[in-house]
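With the sequences and hints as input, model every part of the structure.
There are 2 protein chains.
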Amino acid sequence: MSQTVRPKENVKLLFQQVYDFVIDRIERGEWQSHDKLPSIRNLAQELQVHRLTVFRAYQMLKQNGIVYVKEKSGYYVGSKNYDEVSPLAMENPLLSVSGHLKNHLNEIHGIPSVYQFSQALIDPNLLPNLFLSEYVKEVFDSYPKLLGTYSSAQGDVELREVLSRYLLRHHNIPSTSDEVLITTGAQQAIDLLSRSFIRPMDKILVERPTYSAAIDIFRQHGARLLPVDIQPTGYDLELVEQLMKLHKPRIFYMNPTFHNPTGYTVPTSQRKRLVELAEQYGCLLVEDDAFHDIYFEGPPPPPLFTYDSEGWVVYLRSFSKYVAPGLRICAVFARSPVIRPLITAKSLADNGTPLVNQKLFLRCFESERLQMHLEKLRTALQIRRVLMEKGLAGAGFSWVTPNGGLNLWVKLPDGLSANAFLEECVRHSISFVPGRICDPLGEMSSWIRLSYSFVNEEHIRAGVGRLVEIAGAMTPGS
Amino acid sequence: MSQTVRPKENVKLLFQQVYDFVIDRIERGEWQSHDKLPSIRNLAQELQVHRLTVFRAYQMLKQNGIVYVKEKSGYYVGSKNYDEVSPLAMENPLLSVSGHLKNHLNEIHGIPSVYQFSQALIDPNLLPNLFLSEYVKEVFDSYPKLLGTYSSAQGDVELREVLSRYLLRHHNIPSTSDEVLITTGAQQAIDLLSRSFIRPMDKILVERPTYSAAIDIFRQHGARLLPVDIQPTGYDLELVEQLMKLHKPRIFYMNPTFHNPTGYTVPTSQRKRLVELAEQYGCLLVEDDAFHDIYFEGPPPPPLFTYDSEGWVVYLRSFSKYVAPGLRICAVFARSPVIRPLITAKSLADNGTPLVNQKLFLRCFESERLQMHLEKLRTALQIRRVLMEKGLAGAGFSWVTPNGGLNLWVKLPDGLSANAFLEECVRHSISFVPGRICDPLGEMSSWIRLSYSFVNEEHIRAGVGRLVEIAGAMTPGS
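Top to bottom, those sequences are chains F and H.
Numbering-wise, UniProt numbering puts 407 at position 407 of the first sequence, and it's gapless, one number per residue.
Numbering-wise, UniProt numbering puts 163 at position 163 of the second sequence, and it's gapless, one number per residue.
No lab work stands behind these hints: they were computed from the structure.
Keep in mind that the hints are not guaranteed to be accurate.
Since the list gives no way to pick one copy over another, a pair counts as held whenever it fits inside one copy or between any two copies.
No more than 20 Å apart at the CA atoms, straight line, and that leaves these computed lysine to aspartate or glutamate pairs for EDC-like [said to hold, decoys possible]: (1) Lys145 x Glu134; (2) Lys72 x Asp439; (3) Lys72 x Glu138; (4) Lys245 x Asp229; (5) Lys137 x Glu368; (6) Lys376 x Glu297; (7) Lys36 x Glu158; (8) Lys137 x Glu158; (9) Lys390 x Asp202; (10) Lys102 x Asp178; (11) Lys145 x Glu457; (12) Lys390 x Glu458.
Structure, rendered in structure tokens:
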């Protein structure tokens with residue numbers, strides 16, 4: 001765009017273009033920290049715009065902390081980390097209505113690093129890739145026209161039937177294939193739920209901390225978030241009831257089993273009570289259950305969905321965390337009044353998850369080998385968790401050992417802030433998720449999420465070693 | 001749900017459940033047209049709800065035309081086609097906020113029929129399926145960990161580079177891979193644009209008629225639609241300018257090449273002028289170009305995007321209409337200020353189109369065989385079009401022969417309404433798209449869209465024959 005900026009009627013867009021022009025130069029490293037920016041007069045001439053336009057862009061750059069002013073000298077590139085002042089965060093009154101739109105987790109994942117403790121994904125090397133490739137070939141032999149065929153918006157009926165039978169067999173929950181919707185990942189399911197059930201200014205309950213992308217999605221839909229602390233023992237149910245009574249939240253978004261990011265699991269007794277509260281106060285419980293099968297000490301308690309007879313629970317089961325995660329298949333189970341608007345929302349959003357992904361998933365999901373593989377996967381992940389815990393031990397970090405899932409939720413040594421720590425770690429090619437972005441209140445600055453699932457054992461050993469060293473160097477008092 | 005309806009505090013939800021209970025009985029055929037419904041007292045007793053709750057549900061059923069009242073007798077099941085009064089259309093104040101949310105096209109596609117002239121999709125039998133299956137195997141041999149690997153939210157960089165080079169080579173449009181976003185089908189692109197650039201009550205320009213799902217998506221985001229007629233010669237540009245001047249629409253959504261549903265193509269001279277108008281009035285042109293390569297009489301004019309030097313055109317190129325459509329790959333090309341919010345919206349919507357779909361698409365797209373195949377495909381589709389035109393000729397239908405695309409836009413014989421005609425055709429296992437759902441004003445009731453791309457030659461012959469017969473029988477005066 002920058003080379004094409006020319007005078008136009010609307011000054012608002014022009015100043016955005018000038019703003020972007022400067023950002024581009026800084027991003028590409030052409031203009032470095034503490035370099036002087038061109039004078040307003042010169043840049044206006046170069047870009048063929050009015051000087052006021054450049055002035056307005058510079059003022060906005062200053063407000064956003066990207067440049068600073070020296071009295072009687074001019075504007076200079078700041079030293080602040082550019083990533084923190086994404087241009088999306090700025091007000092752009094003409095074009096985008098999504099100035100507030102952010103995906104914090106995605107920004108963290110964009111950081112290139114060798115020791116990626118930020119990714120709560122399973123290392124592709126832990127998957128039975130050769131067998132999966134074989135399955136792909138079998139599927140295409142069975143369905144030669146698969147690349148030319150569309151799915152219905154709700155999803156392949158064969159897959160939906162298999163999944164509803166699975167739910168009956170494994171959790172004794174009766175459901176029909178009509179009560180299943182296939183989405184492209186659990187995140188899309190959260191988005192569709194928001195589209196269908198959240199109006200701007202609606203209140204919803206979320207755990208504190210919670211899944212960062214969920215916070216961003218709910219905010220995008222205009223929701224006001226009411227935090228409910230999650231502890232190793234579950235929630236404070238009296239508080240939950242008070243909040244439901246007082247605020248009539250439409251949704252409680254929860255991840256009660258090997259919770260992300262903490263790894264905590266809500267006990268069975270609380271699960272039953274939560275369903276009662278949901279019925280009593282008319283609050284939809286959105287139970288995100290991505291890690292159900294990733295347990296180390298025996299299976300977790302039954303899903304809340306088990307106790308639901310009135311249709312107040314929506315059950316998100318993203319099997320694809322371990323069954324061919326690249327296919328991005330999630331199943332949403334819900335009763336008719338909830339599933340119907342979700343299907344319509346799905347049909348508007350993308351008209352159905354591609355059939356090829358569903359058929360490939362089905363083949364993988366149904367294979368006996370996959371169930372055998374799951375055993376091995378649990379062991380491999382547990383080894384990685386133990387390795388990470390050993391590396392962290394005795395260095396002032398604290399955490400509760402999770403019985404499943406992919407993450408450690410770690411309190412930093414006293415006096416160490418996650419922001420400064422992350423900045424330093426990134427310099428040493430280590431990434432993790434700062435607690436702040438998992439907190440609906442934006443606090444929890446002394447907590448971090450370390451995922452042990454994506455990085456191999458050698459890298460866990462080396463990366464955690466470095467991380468502990470860096471923390472030590474940053475807390476000399478300890 | 002129905003069997004679990006029990007008293008609860010919130011009468012609003014209960015009445016919805018009673019409503020659904022009745023709908024379910026009718027859908028399952030337990031209660032037939034003109035059957036008497038249970039009395040309010042009896043149903044209230046059966047469902048253990050208050051009589052007022054049943055009364056309210058019955059009133060709503062009556063309003064929606066599902067039941068009718070006989071004075072001093074009670075409520076009876078109506079004779080109206082149930083499909084037309086989807087329960088989603090009803091107001092459901094407690095639970096769903098998406099009462100207004102509809103996907104009309106999807107409802108039409110849900111009609112089972114042998115002669116599916118409603119599907120603007122390419123018959124899977126016309127695709128080189130054996131070769132496509134081979135490509136799949138090659139891709140999995142090259143990327144054995146594909147099922148375990150995620151894409152970035154923006155899309156695979158290798159694919160984005162290939163597509164931006166394609167645009168340079170074929171249309172002489174320079175772009176970088178940063179200016180490409182991969183979405184799951186063009187429909188998702190329209191949805192992401194709406195999320196990013198449309199606020200409730202914003203005005204946007206749309207063609208009349210236009211793509212039905214686009215109308216539904218824009219409406220879902222609260223847009224007010226300003227129609228611009230599309231003719232075989234293009235638009236009335238003076239009207240377009242007046243509308244832009246007066247209403248300052250944020251977006252003009254257009255499909256100027258082998259337009260859906262009409263097949264018309266906007267001429268080159270208008271394309272240049274439209275880009276000037278967009279710049280002058282600050283209106284984003286969303287150019288949906290799904291049929292560019294499906295031409296019968298030589299290539300169409302260059303995309304509007306060719307003439308855009310200021311970043312006012314967003315170019316949606318859904319190659320996957322003919323390259324392995326089941327993969328649902330669409331490319332969005334736009335300049336930095338537009339593409340950035342779209343990437344964030346995509347990251348929130350589903351965090352990226354699955355990598356496996358992108359890599360498979362890339363392999364198919366790059367194959368020489370596919371380009372050879374495209375020639376054959378054009379011929380096959382033209383044959384089908386001609387066949388359909390022959391079948392319709394001389395029976396009172398009128399249309400303009402399209403030089404590309406997948407559809408005929410057909411005016412019905414005088415006195416025949418599309419609604420009644422569709423109802424009768426569905427009874428004879430023929431489906432098509434009624435013009436009404438393609439019209440932002442909901443009129444055009446004497447037009448229909450017939451797709452010649454999905455049904456084989458034999459079925460076109462037989463189906464169009466039946467259709468002409470039905471029309472003849474319904475317009476005895478002709």
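Hint-by-hint comparison with the structure:
no.	hint	verdict
1	Lys145 x Glu134	both (18 Å within a copy, 12 Å between copies)
2	Lys72 x Asp439	neither (42 Å within a copy, 60 Å between copies)
3	Lys72 x Glu138	neither (72 Å within a copy, 64 Å between copies)
4	Lys245 x Asp229	within (17 Å within a copy, 52 Å between copies)
5	Lys137 x Glu368	within (17 Å within a copy, 22 Å between copies)
6	Lys376 x Glu297	within (14 Å within a copy, 59 Å between copies)
7	Lys36 x Glu158	neither (63 Å within a copy, 36 Å between copies)
8	Lys137 x Glu158	within (19 Å within a copy, 24 Å between copies)
9	Lys390 x Asp202	neither (44 Å within a copy, 57 Å between copies)
10	Lys102 x Asp178	between (34 Å within a copy, 18 Å between copies)
11	Lys145 x Glu457	between (42 Å within a copy, 19 Å between copies)
12	Lys390 x Glu458	within (13 Å within a copy, 70 Å between copies)
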